[in-house]
Amino acid sequence: MTAVDLKPLRRSMEGIVASVLTTCDGDGMPNVSMISQVHFVDSGHVALSYQFFNKTRRNVLATRKASVMITDPVTLVTHRLALEFLETRSQGAVFETMKAKLAGIASHHGMDGVFRLLGADIYRVFSVEEVPCWQLLPGPPEHQLLADLRACQAGLDRCDDLEDLLDTALAGLEQHFAIRYAMVLMAEGGTERLYTVASRGYASSGVGSEVAFGEGVIGVAAREKAPIRIGHMTMEYRYGAAMVHTARRAGILSGVPTEIPFPGLKSPRSQIALPILLKDDLLGILFAEAEETMRFGYDEEDALLLLAGHLGLLIGALKDEAAVAEVEAVSGPAAGENSVAVRFHAPDQSIFIGHDYLIKGVAGAILWRLLGEFKETGRTEFTTRELRIDPTLRLPEFAENLDARLILLRKRLEERQACLRIEKSGRGRFRLVTQCSLKLENLSAAGTLSAG
Amino acid sequence: MTDGGNPASDQDGSAPSNRSAHDLLPSDLVALAQGGVSVVIGCCDRHGNPLSGIGLGARIDPAGCIRVFAKRATNAPLLAAIAEGARVAVTFSRAIDHASFQVKAHGAGVRDADPGDHPEILRQCMVFRDELIEIGLPPQVANSWVNADMADVVAISFRPCQAFMQTPGPGAGAPVSVP
Chain A
1 MTAVDLKPLR
11 RSMEGIVASV
21 LTTCDGDGMP
31 NVSMISQVHF
41 VDSGHVALSY
51 QFFNKTRRNV
61 LATRKASVMI
71 TDPVTLVTHR
81 LALEFLETRS
91 QGAVFETMKA
101 KLAGIASHHG
111 MDGVFRLLGA
121 DIYRVFSVEE
131 VPCWQLLPGP
141 PEHQLLADLR
151 ACQAGLDRCD
161 DLEDLLDTAL
171 AGLEQHFAIR
181 YAMVLMAEGG
191 TERLYTVASR
201 GYASSGVGSE
211 VAFGEGVIGV
221 AAREKAPIRI
231 GHMTMEYRYG
241 AAMVHTARRA
251 GILSGVPTEI
261 PFPGLKSPRS
271 QIALPILLKD
281 DLLGILFAEA
291 EETMRFGYDE
301 EDALLLLAGH
311 LGLLIGALKD
321 EAAVAEVEAV
331 SGPAAGENSV
341 AVRFHAPDQS
351 IFIGHDYLIK
361 GVAGAILWRL
371 LGEFKETGRT
381 EFTTRELRID
391 PTLRLPEFAE
401 NLDARLILLR
411 KRLEERQACL
421 RIEKSGRGRF
431 RLVTQCSLKL
441 ENLSAAGTLS
451 AG
Chain B
1 MTDGGNPASD
11 QDGSAPSNRS
21 AHDLLPSDLV
31 ALAQGGVSVV
41 IGCCDRHGNP
51 LSGIGLGARI
61 DPAGCIRVFA
71 KRATNAPLLA
81 AIAEGARVAV
91 TFSRAIDHAS
101 FQVKAHGAGV
111 RDADPGDHPE
121 ILRQCMVFRD
131 ELIEIGLPPQ
141 VANSWVNADM
151 ADVVAISFRP
161 CQAFMQTPGP
171 GAGAPVSVP
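Chains A and B are the protein sequences, given in the same order.
The first sequence begins at 1 in UniProt numbering and counts up by one.
The second sequence begins at 1 in UniProt numbering and counts up by one.
To be clear, the hints were calculated from the coordinates, so they are not data collected in a lab.
Just so you know, not all the hints are guaranteed correct.
Among the chain B residues that face chain A by a calculated CB cut under 8 Å, a handful are [said to hold, decoys possible]: (1) Ser93; (2) Gly173; (3) Val176.
Just a sample of chain B residues kept apart from chain A, beta carbon distances all over 12 Å, derived [stated by the list, open to error]: (4) Ser38; (5) Arg59; (6) Ala76; (7) Arg111; (8) Asp114; (9) Pro115; (10) Val146; (11) Pro168.
We put the CB at the ideal spot given by N, CA and C, even for glycine.
Working from the sequences, and respecting the hints, build out all of it.
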C-alpha cells in the first residue's frame, strides 16, 4: 500500500474552497457540513478545528472516523480523504496557528472571543482518492521560491543599519517575489503594540501607525508568534459576516464592530503576516498584502517565514554591534529666519510642531531630549549609544528598539516636512538639522525655552 | 434500489421517520434548497465509514420528496452505499451569505435524472456560478465548478426525517422550526 503524502495537496487545504466533512453516529446516521479549515499538519496528518460542530464532535468521539473532500482552488482537482481521529490538541504550533487564523478572521468582524478554537483535532489520513469532479484547469506557473529567497537574503546580508535592512527587505520582496505592498512593524517593548517603521507601495507610508496585539492578521500574528495568512479575503469576510449575523441574532454580540485602523490597501484580497523572531522574542512583523486572491500560499509562507527569521537574526546582530562612537559637540548650522514652536506634552510624551501633532511615546521623548540638548549647548551630532544609556528616556533594558524609533522619528519629520530633520551621519551617529529657529514649550512644566 | 419515499426502519427506536419535506421545512428553506446553492452529501457505508459527496442542485416536489442531483462519477462510492440502504444527509448552503441547513433521511433512492430536470439543474448551476463570481471567485474557476455532463447526473430521492440549521455560528445544529 502506497504511503499517503499530503504535501502535493497543501493548496487544497488553503480554505479557499470550502471542504466537505462527513461523520456518522453509532447507528450510521451521517452528518455533513462545510468547513473552512482543513489544516495541513504533515504528509500523513491533517487537523480540523473543534469549535462549533457539536454533532460532528460527538460522532467523531463515538466512531473516530471522518471523510473530507478537498478541492484545489486553482486546478479544481478534488480528493476524498478517509480520516481516523487521533487526539485533540489545545496547545502547540498547530493549535496556535489554527487559533490565530480563526482569531484573525473573527477580529475583522469584531468577534474576538466569540468563536474560540477549543482544540485542533488531529487525524491520520489513511486513504486519499482523487475524485473526478469538475472540469480541471491548468496549474499555475512554477516559481523558484528558494532561488528568490536566496537572492533576497543576499541583499540583506550587505546592510549595516536597521533602516537600510528594512528598506532592503521590502525592496527585495518586490524585486524577487513581486510583492508590491509590504510593511514592517516593530514591537513596542512591554506595551503589546506594534508600530510601522517601514513600508513600500502605499500612497501614504503609514509610518507611525499602530496596531495592538490581537488586532487583525498583524496583531494576531504578533500575539501568537505564528504566521497568519488570509488568501481569499472576500469569502472569508463573508464567512465571518455570517457568524456575526448569527451571533447578533442569538444576543451574543451587541453594538457595531470597530473597524481596525490599518494603513493598507482598501480592498486587499490576500494578506500575510510573519513574526520576526529572535529566538523566542518577538521583534516585529513582516506584513504583505495583494489585490489578487490566493496570492500567498503555503510555499510563499515557507519562504517569507524564512526571510522574516533571517531578518530577526540580522536585527539581533545589529543590536549586538551597536556603535560606541562618541562625538564631540558640534555647533549647529545657522538657523533660518522663521521661528516655530515645538510643544511637548509630558504625560504621553507627545510632540506638536506648531499645532500639528508629530509623534508620541519614546520617539517623542527622544526628540525632546535632542532639542533640549541643542538648545542648551548648540550640539547637533548625537550617538545612539548615549540615548541608550540615558536614564531620562527610560528605555527598557531589553527590546528597546531604539534604532526603530529613530527611523520612525526621522520618517515622521520628513513626511511632515517640518523645519527640522534627523539624518544619519555615520554608523551609530545621527545629526539634528534645523532650518528655522525653534521655540521649545514644555506644556506640562508651563516653561518656554527658545532655541536657535 | 431503495425508494426514498418509504421510510426505512428506525434502528435506534427513537429517531423520527421520514416524512414530507413540506412538514419539516419552512418555505424559505424549501426555496433556498432549490435556489442555486452549494449541495453537499454525506452517507455511511456498511463498514461504518463516512463518505462525502457533492451535488449540483435539488428539487422538492409537492408531495415533499427531495431529489438531489449529483454526478455519478464524483459520488460513486456514496451511490453504491445508498443503493445498499445507507442513511443520507444533505446540507444546502448559499454561497453569498453561508445561510445553510441540513436534512437527513433513513434511506434514499438513486436513479438517472429525468431529462425534464436538466433545464432546472442547469439554471441552479448558473445561479450558483454567478454567486461564486460575486463573492470573488475568478469566472473561469466558477464556470468549471458548475460544468456538468447531464448524461452522468443522477437523482438521489428521499423524504427527510430531520432538519437542522447549519448557518455557521451559534445556533448551528439546532432543529429547524416550522412556523
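Comparing the hints with the structure gives:
1. Ser93: holds (5 Å)
2. Gly173: Given a least distance of 5 Å, the restraint on B:Gly173 holds.
3. Val176: The hint is violated - B:Val176 has no Cβ within 8 Å of chain A, the shortest such distance being about 14 Å.
4. Ser38: violated (7 Å)
5. Arg59: holds (19 Å)
6. Ala76: violated (9 Å)
7. Arg111: holds (20 Å)
8. Asp114: holds (23 Å)
9. Pro115: holds (22 Å)
10. Val146: Its Cβ does come within 12 Å of chain A, the nearest being 8 Å, so this is violated.
11. Pro168: violated (5 Å)
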